[in-house]
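Chain residues, written in single-letter form:
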Amino acid sequence: MARELKLMKGNEAIARAMIASGTDGYFGYPITPQSEVMETLMAEKPWETTGMTVLQAESEVASINMVYGGAATGKKVATSSSSPGISLMQEGLTYLAGAEIPCLIVNVMRGGPGLGTIQPSQSDYFQSVKGGGHGDYQLYTLAPASVQEMYDFVFDAWDIAFKYRNPVLILSDGAIGQCMEKLYTRDNVARWTEEERRKNAPWGTWGKPKDRAHNIITSLELDSARQEVFNLKLQKKYDEMKEKEVRYEMLNCEDADYIIVAYGSSSRIAMKAMQMAREKGIKVGLFRLITLFPFPTKQLAEVAEHVKGILCVEMSAGQMIEDVKLATKCGVKTEHFGRFGGIIPTPGEVLEALENKIIK
Amino acid sequence: MAFKGQIIIDTEHCKGCGVCVPVCPMKCIELSKEVNGKGYNYTHTVNDSCIGCASCAMVCPDGVISVYKKKI
Amino acid sequence: MNQDIEARKQELLKEGYEEVYTRTKVLTDAVMHYCPGCGHGTTHRLIAEVIDEMGIQDQVVGVSPVGCSVLAYNYFDVDFQEAAHGRAPALATAIKRLNPDTFVFTYQGDGDLAAIGTAETIHAANRGENITMIFVNNGIYGMTGGQMAPTTLVGMRSATTPYGRRVDLNGYPLRMTELLSTLPGTYYVTRQSVQNPAAVRKAKAAIRKAFENQKLKKGLSFVEILSNCNSGWKMTPVAANKWMEDNMMPNYPIGDIKVDGKICEGIDANRLVLDHPLTVMQ
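Residue numbers (the numbering used here), protein chains in the order written: chain S, 1 to 360; chain G, 361 to 432; chain H, 433 to 714.
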């Protein structure tokens, strides 16, 4: 498929981008509101075209571990789920991070805690960027705000995952996953040939040739001194991501008196609220996070120096706000506004919160 | 036809578990009273009745026994 | 020392001796961490010998579990992945599906395969994954210090059943191998042991068959190896092997259960039923 204009759901975009980006395997388990990812893959039958493997696993626990097994052979392997399923995957995620296995995980968030609701939410921020599983690790976390970004970020994810030997998380939500929008497709990227796999993933376990030692994929190191060296290596990798791979978008921040910080669905509501505020003569800017880890700490701090207040909008009880306050060292008035239970705030509510919590 | 056997024991890597001792049909191996570098009473041969049947090697969990034989 | 051994070997060859047995090169030189006399070492050796004899060292990917054999990857000179507890069959599923020309095997203990990994085990078997699963059953959690496993016998003492396993409290020993044989996805299901030379030879033939079956692409091959845990059972290795024969084998009978996709002749249908009466230890 070359560059074409299409209309599709966010979840479908993820599936089609996986096929188009040369993904080798997908292992998943149905859960609302992301089941269309696997449904689209099964309907498309990519095993007949690109040779991509698609399998419905018996659980999210199994699917994330299938990602581990497949991706550890140096292939591009992905899964997708929604919040409760992602909770089940946390064990696998920390093993993937600990064994430094590049792979892609998509979380189309729904409301929690527990079984919660099937409606959109953004309450998995902590789980995504503050660990989730055990141990000191980070997932490179992208937050798409449109169906186009759902599609594009899959391609971007493979570049980052293999560049850093790190799992990449696309943190979306039920609103982006379920809404239909136009998108421009990209040229297909062929799946790696055997030679490319060996070149791009020399650490992979595909059968030990005579000219190299056996490759071992593990996250176990019983020697404390060696484990510490490994932990330091991981931290260095995360520092490098913080230095080089931060992504964000600023709208009207140059002259802003106030800014709204948001990501994903909330950033779209916030954009409208910003326009409404400007019409009323209030100079509001939007700072949209694209990567949640690495967080655009420096860039946000610079903007915060010349504003009077920051409103954090997130469909949660206030998780991202902690990183905003850390970035600005609490130097400017910062408040959270969010709705729960799958309710998406209206632009009017956001503007009202800005006026009542920040400007007043 | 009879065989004469010889076994070579990597005594430094023997853990002295002794599972080879009762399986030897010729009763030619025992645990030594001496210990190796790890403190294990390693396996050693006590007579030259070995027929090279490799029973000892079959059950050795650590693969420390090599077996040789020739026709006599 | 190793040089001395090598020299002695050369000497014997010069004297007209032929080599009957020596440690396979598919095992690395690393000293296995297993307790003296543990069946894990013997089972490792047999798998390595089969890989060696089949000439597939460059096509094998192994998956190690969590438990005593977590470090198996240090002992096999083949590519290896280390799985989270119980998840080896999920890893193996993806390895094989994405790399159909490889020989993939999991190596798991009873806690890993029959407790925490029950779902992954049953579903990999039920999907008929073309992999080999090696299941070492010693009726106990060895690595964590001898706690009750799903396979612990009724009446058997462990760190968490200090007065013996009770059915009313802990349920029945789980015969995973019989259970898996009832699934259409399994092609070869057998139970073997490694306590004496004859048993070792049979176990090796079974492991060989389980690896050869991967060429046929007809389903999963499952080899249970009944083994001792002399440390956990608090016995000498030789006594533990005897105890295993006397107590484990009546509950976990040795032999093929399913060959070439068919339940073997002479297998009592009742044996496949999980509530079949079990021997209670005195």
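Keep in mind that the hints are not guaranteed to be accurate.
Going by beta-carbon spacing under 8 Å, a handful of chain G positions derived as facing chain H [stated by the list, open to error]:
| no. | residue |
| --- | --- |
| 1 | A362 |
| 2 | H373 |
| 3 | K375 |
| 4 | V379 |
| 5 | K387 |
| 6 | C388 |
| 7 | S392 |
| 8 | V395 |
| 9 | G399 |
| 10 | Y402 |
| 11 | G412 |
| 12 | A417 |
| 13 | V419 |
| 14 | D422 |
| 15 | G423 |
For lysine to aspartate or glutamate, the following EDC-like pairs were computed, each having C-alpha atoms within a straight-line distance of at most 16 Å [to be verified]:
| no. | chain 1 | residue 1 | chain 2 | residue 2 |
| --- | --- | --- | --- | --- |
| 16 | H | K441 | H | E451 |
| 17 | S | K298 | S | E245 |
| 18 | S | K163 | S | E48 |
| 19 | S | K208 | H | D484 |
| 20 | S | K298 | S | E322 |
| 21 | G | K430 | H | D533 |
| 22 | H | K441 | G | D370 |
| 23 | G | K364 | H | E451 |
| 24 | G | K431 | H | E485 |
| 25 | S | K210 | H | E443 |
| 26 | S | K208 | H | E443 |
| 27 | G | K364 | H | E447 |
| 28 | G | K364 | H | E450 |
| 29 | G | K430 | H | E443 |
| 30 | S | K163 | S | E279 |
| 31 | S | K210 | H | D490 |
| 32 | S | K208 | S | E195 |
| 33 | S | K236 | S | E322 |
| 34 | S | K6 | S | D152 |
| 35 | G | K387 | G | E372 |
Hint data in this document are derived by calculation from the structure and do not stem from the laboratory.
Predicted, not measured: the structure shown is a model, and the values here were computed from it.
Just so it is clear, CB atoms sit at the ideal spot from N, CA and C, and this is done for glycine as well.
Provide an ascending list of the numbers of those earlier hints which the structure does not satisfy. Hints 1, 5, 6, 7, 8, 9, 10, 18, 21, 24, 25, 26, 30, 33, 35 are the ones this structure does not satisfy, whereas the remaining hints hold.
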